[in-house]
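Asker: Sequence:
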Amino acid sequence: MKGLNPLSRLSDDQFRRLTGVKRTTFTEVLAILGTAHTGKKAKGGRPNKLSVPEMLLMTLEYLREYRTYLHIGASRGVSEGTACKTVRWVEDTLIKDGTFSLPGRKELLKSDTDIEVVLIDATESPVQRPKKNSAGTTPERRNGTPGRRRSS
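Taking our numbering, I'd label the letters of the sequence shown as residues 10 to 161.
Worth flagging that the hints you see were computed from the coordinates, not collected in a lab.
Hints are not guaranteed to be accurate.
Unchecked claim - BS3-like cross-link-like pairs, simulated, lysine-lysine; straight-line CA separation at most 25 Å: (1) Lys50 <-> Lys94; (2) Lys105 <-> Lys52; (3) Lys105 <-> Lys49; (4) Lys58 <-> Lys94; (5) Lys105 <-> Lys31; (6) Lys105 <-> Lys115.
Bear in mind the structure is a predicted one, so any value in this text is a computation, not a measurement.
Construct the complete structure from the given sequences, taking the supplied hints into account.
Answerer: This is the structure in structure tokens:
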């Protein structure tokens with residue numbers, strides 16, 4: 010696990026600031042992904058260039074920093090497509106597992122907490138641009154223009 014060596018030296022607070030999750034949550038997610046990865050590779054196939062912890066870190070970078078797949082892939086030494094497939098695989102695996110899921114809409118409506126809704130008006134408004142007029146431009150003379158001849 011060469012990708013985790015620098016992270017193991019960080020304090021819990023620094024780890025959370027860097028990855029966006031607690032170290033215990035990271036370990037739980039890593040266990041889920043490890044099980045899914047071994048099940049996926051049990052059928053055979055080419056080994057991945059990235060380890061499971063690196064895949065998880067790549068996904069956390071994408072979700073936390075809003076970096077593009079091109080930047081994430083370049084920093085990890087893989088292509089943009091591989092970065093995209095990896096992030097999707099991690100997200101889909103965690104969704105299928107169901108351990109880390111948010112409550113549904115019905116649960117939120119049943120709860121005793123007050124939900125405050127804020128609406129933002131994002132309507133389009135016209136942009137004022139200068140009018141086109143002939144005063145700002147100089148017309149070209151036809152008689153003095155080389156290359157053009159009048160036909161009689």
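Asker: For every hint, state whether the structure bears it out.
Answerer: Verification of the supplied hints:
1. Lys50 <-> Lys94: holds, 16 Å
2. Lys105 <-> Lys52: holds, 20 Å
3. Lys105 <-> Lys49: Cα-Cα ~14 Å, so holds.
4. Lys58 <-> Lys94: The given pair, whose Cα atoms are some 13 Å apart, holds under the 25 Å limit.
5. Lys105 <-> Lys31: holds, 21 Å
6. Lys105 <-> Lys115: Satisfied, since the Cα-Cα distance of roughly 20 Å is no more than 25 Å.
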